[in-house]
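All chains should be built: construct the whole structure from the sequences, respecting the hints.
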Amino acid sequence: MRGVLGVFRELDAAVDAIAELRRSKAGAITVYSPTPRHELEHALAHGPSIVRRFTLIGGLLGVTFGYWIAIWVSDYWPMVVGGKPIPSWVPYTIIGFEVMVLVGALSTVFGMFAVARVPRLMMTVGYDPRFSDGDYGIWVECPPDREAKVTQVLQENGAVEVRRER
Amino acid sequence: MAVAARPVEEMPRPNIPSANIQLPAVRSYQQVNDEIIATLTPTVAWFIGLGIAITALLIGIGTWIYQIYMGLGVAGYNPPVMWGVYIITFVFWVGIGHAGTLISAILYLFRAGFRTTIYRCAEAMTVFAVMTAGLFPILHLGRPWKFFWLIPYPHWRFIWPNFKSPLVWDVFAILTYLTVSTTFLYVGLVPDIAALRDREVNPIRKRIYSILSLGWRNSDREWRHFTRAYLFLAAFSTPLVLSVHSVVSFDFAMALVPGWHATIFPPYFVAGAIFSGIGMVFTIIIPLRRWFGLRHYVTINHLDAAAKLCLFTSLVVGLAYLTEFWVAWYSGNKVEQEYFMNRVFGQWWWAAWIMLTCNMILPLTLFSQRLRRNTTWLFILSLFINLGMWFERFVIVVPSLSHEFEPWQWTTYAPTWVDWSILMGSFGWFSMWFLLFIKQFPVIAIAEVKEIVPPRLRTHAATTDINVSGQHVDYSPETPGEHE
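If you're matching them up, the sequences are chains D and X in order. Using this note's numbering, you'd call the opening residue of the first sequence number 422 and step up by one each time. Using this note's numbering, you'd call the opening residue of the second sequence number 3 and step up by one each time.
Ranges of calculated distance between the beta carbons of each label pair, as one might list FRET restraints:
hint: 1; chain 1: D; residue 1: 474; chain 2: X; residue 2: 337; range: 48 to 58 Å
hint: 2; chain 1: X; residue 1: 155; chain 2: D; residue 2: 474; range: 24 to 34 Å
hint: 3; chain 1: X; residue 1: 155; chain 2: D; residue 2: 471; range: 26 to 36 Å
hint: 4; chain 1: X; residue 1: 389; chain 2: D; residue 2: 460; range: 44 to 54 Å
hint: 5; chain 1: X; residue 1: 82; chain 2: D; residue 2: 541; range: 53 to 63 Å
hint: 6; chain 1: D; residue 1: 582; chain 2: X; residue 2: 64; range: 56 to 66 Å
hint: 7; chain 1: X; residue 1: 49; chain 2: D; residue 2: 541; range: 30 to 40 Å
hint: 8; chain 1: D; residue 1: 531; chain 2: X; residue 2: 209; range: 22 to 32 Å
hint: 9; chain 1: X; residue 1: 453; chain 2: D; residue 2: 501; range: 49 to 59 Å
hint: 10; chain 1: X; residue 1: 140; chain 2: D; residue 2: 499; range: 24 to 34 Å
hint: 11; chain 1: D; residue 1: 507; chain 2: X; residue 2: 53; range: 49 to 59 Å
hint: 12; chain 1: X; residue 1: 333; chain 2: D; residue 2: 501; range: 27 to 37 Å
If you're looking for bench data, these hints aren't it; they were derived computationally from the structure. Small disclaimer: the values here were computed from a predicted structure and weren't measured. C-beta atoms are modelled at their ideal positions from N, C-alpha and C, and glycine is treated no differently.
Structure follows, in structure tokens:
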């Protein structure tokens, strides 16, 4: 993996650089920012996160398991009271709800890690510790013949440092 | 008729919508990193505090060993009062945990700006409070090494759980709450741990932070999925806050005991839990912001907004107290009426009046804006709230069990030194974890604070500071809300 990394002090400079890089189809862009910013999100124009699917599936599995375990245990070891039906959905809703929240929350976190590609075992190229401090970074993965053009775009848009990495 | 103008310094501060609370003295992202990470350096006072906490914990552990050796009788149980300080303290600590999730999850969904600088502290408090609460069902056992018999799952010992029992719901609710709260805390911490990793120079600590940050790089892909996952976790945690203390209240409300068997219990417990948790947040955050020099992060405006929430929950709790009496009177049930008379004017009058004074009467002072913005009063009031909420659980547990249906069963209850030592040990356990936490991880969420700090721009540089009305102005130390 090789490309060019630009470091920006100002948010609007980074946004302008992203817009121009996207127009020039320079390569795959990764943006680093100390905090999530809508301006960057809009400039990159990514679709909505798919984490919601993990949440939905986890929640449905959880609520199903919660009801199932309560009903199965009641049927397997019945305690008949007043001739009433053995499984009772009202109290079992508490179990269903709690397990839904548990599995739904854990699957959301699992989904987030999976789609965000975390955990990352190695700090690969294209990162600088300044990006967790106050600066913005734009990493453009591109072949050697486009590196000069990308460098020029980054510099023209106010990058305080541009370097090639591989 | 002309009215004399009041001097400027005597004029009340404007009421600020909680969503608009800003940090006028925080000017850049680097400043956020510098000032918050600087709080991680241990100090002599911190070591002294940790020493006191560990000493209290050791006293509690020693007392517990004594109790195991001698039997549960040393804990002051007096049949039929077989629930005492341990169950009271269990409910107390579960309740303390509620404000953390309220502040971090519910206020997040409601976009209440004042949560940003206090939520990390409240969330950590939640996790450690629930960890403390979880000890008490085990402390309450005569043979604690068989604690796993309590876990309700179908197993080879043929002790099958009854899923219609509130005690089984309790296990599911508390364990879910602990797991989700811990996950929520950790997920929110990951970007901040990455910031610590990038600054750390000690190789061992850097390695530990690298592992804990999971290789987080602040990339757009990570933030996009992180913000969405955080939103869903908040959405899951919101009903969880309401459900957990409702389930804890079912431990009482499902029993046919005077004073317990009431449909008002779930909302009454939830409001009480949030109230007590906010009290504990004040107890922790007010000294912390002073010791750590973070008064320009947790400003008076933040405390003012939190105090309004405290006042609101106090009013709900007060209404619940009065409704209980009304229900007892209106029901025409002699046993219930006798019980409530005994609670307030009889055997347990002192406990009931501590509860009513601390939880219902003293918080009314928060109607005064001057007192809401007085940190000394807020801190003193928070201590009263902690005391009052512990006594609320005392008033719920003990008077009911000691004054049931049959007069021959009526008895009394007095906690022994064993109960008090273990109660003290629980505070030591909680404080120890909290003190260790605040020196390893940022006590204010770095990444989230940066979200409300105006970013550096090249096109226009006017948006550097924000006044109490949400307008951008130059910062000065006299900015309202900055210092008490």
